[in-house]
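Chemist: Single-letter residue listing:
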Amino acid sequence: MEKFTEFKSIVTDPYAYCRKYKEETGKKIVGYTCSYTPEEIIYAAGALPFRLFGTDEGIHRADIHLQSYCCSLIRGVLEEGLSGRLDFLNGVVFPHTCDTIQRLSDIWRLNITKQFHIDLVLPVKLNTASARQYLIDILERFKKDLERGLGVKITDAALSDSIKIYNQIRKLMMRLYTLRALRPEILNGRDLHSIIKAAMIMDRQLFLKTLEEIVPQIEKDPAGKIKAGTKKLVLTGSICSHPDIYDIIENAGGVVVWDDLCTGARYFEGVLDEKAPPLEAIAQRYLDREICPAKHAGLTDRGESIIQMVRKHSADGVVFMLLKFCDPHAFDYPYIKEMLDRENIPCMLLDMEEQLPAGGQLQTRFETFIQIL
Amino acid sequence: MKKQISEILKIIGIFLFGKFKKFTMRFKKSNTMKDIMMVYYSEAKSARLTRKKVAWITSGGPVEPLIAMDVIPVYPENHGAMIGASKMGTGLCETAENMGYSSDLCSYARADIACSTVNGGPIGGLPKPDMLVCCNNICGTVLKWYEVQARYFNVPLFVLDTPFCHTGYSDEVASYVRAQINEYISFIERACGRKFDYERVKKVGHLSFQGQQLWQEVLDTAAHKPAPISAFDAFYHLALIVTLRGTPEVIDYYTALLAKMKDRIARGIGAVPNEKYRLLWDNIPIWHRTRWLYDKFASHNACLVADTYTSAWCGTMKYIDENNFVNSMAEAYTRIYLNIGVDEMAKMVIAMIDKYDVDGFVLHSNRSCKPYSFGQLDIQRIVEKERGIPCLMIEADMVDERSFSESQISTRIDAFMEIIKERKKHSPANARAKG
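Just so you know, the protein sequences line up as chains A and B, in that order. Here the first sequence is numbered in my numbering, starting from 11 and rising by one per residue. Here the second sequence is numbered in my numbering, starting from -7 and rising by one per residue.
Please note: incorrect hints may appear among the correct ones.
[To be verified] No farther apart than 20 Å at their CA atoms in a straight line, the calculated lysine to aspartate or glutamate pairs in the EDC-like style are these: (1) Lys124/A to Asp335/B; (2) Lys334/A to Asp96/B; (3) Lys334/A to Glu89/B; (4) Lys153/A to Asp163/B; (5) Lys154/A to Asp163/B; (6) Lys334/A to Glu86/B; (7) Lys347/A to Glu181/B; (8) Lys334/A to Glu387/B; (9) Lys347/A to Asp335/B.
[Said to hold, decoys possible] Some but not every residue of chain A turned toward chain B, in silico, with C-beta under 7 Å: (10) Thr110; (11) Asp129; (12) Val131; (13) Tyr144.
[Said to hold, decoys possible] So these bits of chain B aren't anywhere near chain A, every CB distance computed over 10 Å: (14) Ile(-3); (15) Tyr228; (16) Asn316; (17) Ile328.
It is worth saying that the hints were derived from the structure and are not from the lab. Here a beta-carbon is modelled for each residue, glycine too, at the ideal position from N, C-alpha and C.
Taking the hints into account, I'd like the entire structure generated from these sequences.
Modeler: Given below as structure tokens:
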């Protein structure tokens, strides 16, 4: 499909897209680090929200600021910032996530001063009335900080337009995910990964337009049936910056039918109430969404929702993709595994370093796991 | 049945021991840390017998409301430090790793999680909690750790969420944390089954504030040359301001300790026999190597006179209104050392460098503590630029001995001390003294 080629080129070189976008539209770009970023507000301000993915190559600048036991994601993001490759950004926003991102924000503020810098200190608790109120208050502050940073006024009309666009994107992405969970053969994991990544880079209106074209096409596509015996998997973790994983799983006889990733289902899940006051609607989605393990809602919420994902999509097993030095996910792994064991849901732990283990080795591991399913 | 009886007998034994100890302590002029901690732990461990409630609380958590309600606070982090100091950390950490916890996770958390299941460690495990109180002003790790324990013990968990203050304390944060203080009080009321004692908490608040003042005064004595107290002593004496903050025992103990330090100053006695070089320590102690590090630095006539860690328990007194403790504690607990931006931390480090007149800065890059350690390299650079003193970064872990390379660290300390000695020889102050 022609559109995929477009997505792929954007995803392969997001910086080129951003520079060109700025040049052509004169619009501003705001970088962000986490899926709790209220992108709706940034887009309503006439700027493009751009997710910082980092790099795993040629890291040396970040090592001057971060010790060896920092995760590769944050090290890679800082490297990109320090290298000057992100100079097209007009501003950056750091929503409060984990201890590491919290310090990344400080280090960024002290060392990279070309852009405006906003800390959005979200509540860690997401299950109380006072946390909800604080979340709304802090979004209000964020809106003001952003107006100052970008030198614009964000109108309610712009906010509700932006919310409508995001709602459309989320609905379509959910449709695509649901469709693919039923008929995984219609789209391979790598292509789906490209679409999701493009959703965090491209101008959202243009992205929506493209999505509106391709989703019905994919739906109509009677493409080849799923191979008999293909095992359905749920992938859980923080982010997946290695699209190769999907190929390896598919080659090993499996397919990822759903995920619990910050750069996956968690990113587009949940639709905003268009009738509610905008900031309250944004806050409500964060309260209702599947949570990131760095946040607190209940004691077993993540475990339960992963089991539900498995049941709902008739998955055969779960793959934990744990980024080395990611504390929140590492703390949750033993209890979720225990819950899965009790439900007789097989799972596999994949420890991720900066680079993936050699292809063949990983393929064998997946094959072994998939064979027992 | 037999097991239950022996368990009850054990508790009665612990209870009687505590009572006896407390009785004998009344006749002593000043009590030792060991005595006080023994009574404290025996009271906590026999809480089932005395029908008192036990709350596990994070080291930076608001303990005063618990004390006002006769709840015995227990500190897994203090327990972690004890495990580390008694060199039992590696074994317990390995147990946690076998339970599925990554070896990269905080070693306090790993040791404590493991200890709950095996009742191991130097004091045979902590008494079971009736409730858990987690304040995330020190890190996000405590949240995950307390979630683990809340699932394990199946007891209520209260999370006091203190938003991070990168560049200041906003009105939104103030009202959020203040609202949670009320929720916290309701939580304690539910757990204790009675109304909160607002009169009593005033008294506890005063004692807490007084304890913090005294602790600061004790630490301040290190500004004297030679310093009568070193950071290593402070690591030891710290236990009370952490665990018994808000009780009269703290006041008595630190009053006596302060008198002792003043006496040492009067007599010119230093913590290190021939103090020539003064150093500042950053981060949590390497609990399993405190003695070794003291000796190592002392062999160079160097004294670690102050640290950023022990002063954290008296670092926010400026935000406390002694006469309105409950209202002001929201801000005081939110703006602690670890919950502020790297630049503000650097400012505090520089103030300490000046106050204690130190010649060098030793930073423990602690694999277990990301919020304390990430940003250290920037703090080091700021210190080098602003004060021009040599800095040394040691990578280790507070509890897990596997991350400690003795010979390498020894060599690096020697090299660092050589630089300091060289510089001091040529410093203007020294040149003046020589005339």
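Chemist: Failing hints, ascending?
Modeler: 7 and 9
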